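S.K.: Protein chains in written order, with my numbering: chain A, 1 to 382; chain B, 1 to 497; chain C, 1 to 120.
I should point out that these hints are in silico values taken from the structure, not numbers from a laboratory. Note that the coordinates shown come from a computational prediction; the quantities given were computed from them, not determined experimentally. Fair warning: there could be bad hints in the mix.
[Said to hold, decoys possible] Here are the simulated DSS-like cross-link-like pairs (lysine-lysine), alpha carbons at most 25 Å apart as the crow flies:
1) Lys310(B) <-> Lys220(A)
2) Lys54(C) <-> Lys310(B)
3) Lys117(A) <-> Lys11(B)
4) Lys312(B) <-> Lys467(B)
5) Lys248(A) <-> Lys64(B)
6) Lys186(B) <-> Lys380(B)
7) Lys137(B) <-> Lys380(B)
8) Lys6(C) <-> Lys34(B)
9) Lys68(C) <-> Lys34(B)
10) Lys75(C) <-> Lys59(B)
11) Lys288(A) <-> Lys13(B)
12) Lys64(B) <-> Lys82(C)
13) Lys11(B) <-> Lys366(A)
14) Lys317(B) <-> Lys467(B)
15) Lys68(C) <-> Lys39(B)
16) Lys190(A) <-> Lys165(A)
17) Lys11(B) <-> Lys235(A)
18) Lys256(A) <-> Lys317(B)
[Stated by the list, open to error] Chain C side only, calculated, beta carbon under 10 Å to chain A, not exhaustive:
19) Asn37
20) Asn41
21) Asp44
22) Ala97
23) Asp102
24) Ser110
25) Pro112
26) Ile113
27) Pro117
28) Phe120
Where is the CB? At the ideal position from N, CA and C, for every residue including glycine.
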Amino acid sequence: MILKTKGNTYDIDAPIIGRVTRFPENIGYEILISENIFSKDWYRFKAVLSTNKIISSLEIPLIHSIKNLDHLNEGDIIIINTDGIVNTIYRVNSNHNFLLFTERCNSNCLMCSQPPKDRDDTEYFFNQYIQAIPLIPKDCLEIGITGGEPTLLGNRFLKLLNQLKEQLPETEIHCLTNGRSFAWENVAQKVGEIDNKRLMLAIPLYADVYHIHDYIVQAKDAFNQTVKGIYNLAKYGQRIEIRIVLHKQTIPRLAKLAKFIYKNMPFVEHIAFMGLEHEGYTSFNIDKLWIDPIDYQEELNDAVTYLSDFGMNVSIYNAQLCTLSENLWEYSRKSISDWKNIYFDECNKCDLLDQCGGMFASGVKKYSNSIKAVSISKLTNL
Amino acid sequence: MVSVIQKKNRKFKEIDYYKNEVSNYFLLPFRFQKINFQKEILVNEVGDFLIVPIGTAEKIILKKISKIDDEELYFDLISNFFISEDPIPILLNVLEARYRTKKSFLEHFTALHIFVISLRCEHTCHYCQVSRVTENKDQFDMSLYNIDEGIKIMMQSPNPYITMEFQGGEALLAFNNIEYAVKRAKEEAILHQKNITFVICTNLAPLSDDMLPFIKEHNIMISSSLDGPAFIHNQNRHRPQRNSYELTIQGLEKCREALGEDNISALLTTTNLSLDYPGEIVDEYVQQGFRNIFLRPISPYGFATYNEKKNKYQTEKFLNFYKTAFDRIIDYNKKGYYIREDYATVILKKILTPFPVGYVDLQSPAGMINNVIVFNYDGKIYASDEARMLAEMNDFTFQLGVLGQSSYNDIFYGEKAMDIAENWTNESLAGCSECAFQAYCGADPVLNYATQGNMYGYRPTNVFCQKNMEIIRYLFNLMEDESIEKIFRSWITGHSE
Amino acid sequence: MKDIIKLNNELHFSLNEEIYSEDVVYKCFYWYGADFNIDINKIDSMFLINITSKLDSINHNELLVKIKQDLIDFKLRDIVTKETKNIRELLIAKAFAHFESDDNPLTEISDPIGFDPTNF
């Protein structure tokens, strides 16, 4: 899936954000994709994109000589940067849209799929989203907020959350955060005051003891801050999801973590156990992280059934059914973003392909030895 | 568009970098107790437990647990709030919230209001010291005046959820008064913005078809009695025609049909006779399609004496009965028939969940007054149902007032209530204060008084203590078997698989 | 434990207060009251314990083993009770002091660019 392309620019002094259309009569849209050399219609738009090579003195913001624009659909929201880079912010035909609020992060997880950058991009992204959010279709079902660590936007984080609530009152907002900022009660309180019942804060908790969690996220005191943050969020009535990535560091105390969550935070709405994604730092740290899923089924089973037995809402993400104990299949969800999800050739022979969580495209780098087609006729429990 | 502010070293560090360097740890409040010859249990202030080899508590307390050599145990103790690396744990707020949650049954105050609507009964059960076989309604039915006054008090409860429970005698003999009381309470509940639930306790013998529409209309729950198969039930529950069992079964069927399974339950009264038939009693409950059974101990008010030996003998006999019946119940569950034992479930909820359990006989502070109050047929107000039984034996120690005369404050915060309160937290009772099972148990000043002559009680010979210590220990032992723990979880959540 | 005297249905011995405090001694022998009459006297820094069975006779050695073990356990319990007294009181006080706000962490939020959560 292409989310980024590049062309040559005319008259672009500041980033331009808008929805694309290929039809000049769609004057409600901001950005026109045109295959003409010139048209008077161009003046009605904030910018024009073209694959043609154009020489212009029109004083119309223009990106030309773009290799390919096939990935853009009617209504997709893009940002055109001054250097000619065109990023897709929102795709109308996807259920997996997310808003990357910042690439900054105060943690540095061993398995981070999107390694943080130490530069202050918060103003840039804030300006991008404050313009993009009103353009998102009102019937959008769900939208993710991700990073980096979104709360590092500070008050701009609150402004964007407020705007999301006003502009998209029917949309589920799923915000990935390390939760540490909420240890400061004022932060939790401010988010609480926004009072968006459709906001879910998804927070990772990797162990029931501080040193393992802190090691995994590579930040001292992170565990205590996250737990305190979860408590503060609960105090202000926020909905919380706990996320646990399954790897060599989280497996040994997984059942104890499950108990810690149920005993100390039974108010969380959902607990997601997630297979390892092979992006970003993971390859670098693969020796510290890799464990074949087939080798942690007992621990996963204990943790999942414990939580489920006590009425907690549990899911398993990013898992292939052939690597999962049969009694855990009911918890497996197809969660991998459409554009990241792949299957192997072997998978085409599998009777459960439709129900399978699949595999991150990056998963081809390292995967379980047990990937194999499942034949329904050989299953006992179905 | 973006400015690079600083370059920071994001080189990965090893796990030891993240372990605090501490010379020693600090203890947090916890209690311990052997549960068998190999194992002891550690229980912290909020009821979380670890089962460990005998001798572990000693090592912990004498600060002999090494962060390096006993790493797994060390961090188990940190994670479960048994020890801390700081004098005041950084996550003390978690423990606070847990403690507050465990005691949150106190928050709303009295929910259950028992109205002894009539003392009359058509049964003459030998263990019942209370009821009267009589037609004399004037003397033994609750007057409309007292009903009104009881409702007034009930509406003053700070609790937004209240339960009005009709007891007897046989409550259905005064069905007209129940109708009056339900309608009246409903009107008042609207005015006072209360959510009200109704329960009728009845042996079902006087149930007639024309009562059912009213019961259904007002969503009244029926709490009935079934003591076991006919030969036990009829022996326990004397009726001239010896047909108590048949009438109960007929009544159960009628109620299930008219009101639905969930609105009818049955209670077991254990008598000396029952103690010889644990299996038969469980079988009977299964045969009648029940999904729960409440193995209640013999009410000590039946055999109440100050005789330590007799009390101890009776308790041991009951515990044998309980365990045999319990094994049978586990068997049924293992075979796929879901049936839970209610007393164990109360305790298991306290052991395995972070939630409070509102069960009046097993709370600290005790359930009497805090969760339950009894308005007797004659207008006298008692701290609990057992307190009323004592009063029937002319002991008015636990009478808190009189309807129409005593104010809400007199009743709930008066001198009597304060006296009882001195003795109703097991945290402050000798023998209980350092008991490992404190968090799972409760305090019962009325029972102490009835069996030992004072509200404080004396634990070494106390029937409440003997019974609960053994049942709790027994449950922990059973839980060593994972398949049984799995059954216990299903009892707690009510999910059957 | 010193000065052990074994009589028919009696057992006498003394305990040094420096080893077993008054709290420990009383909490321990409290539980012996069901089957025994317990007499505790204190002379200087010694507790003199006289135990008389309410039944006919006692197995002195068995009883001594049990008493020694119980004394150790109650001493351990006493250590926990005393060492955790303050934290327990603080816990309960704070638990019931409902919506009082907690202090903010003193630890670092560790953002390389200098995010300050107090500025929210």
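S.K.: Check each numbered hint against the structure and report the violated ones by number, ascending.
M.R.: As far as the earlier hints go, 1, 5, 8, 17, 18, 19, 20, 21 and 22 are violated by this structure, in ascending order.
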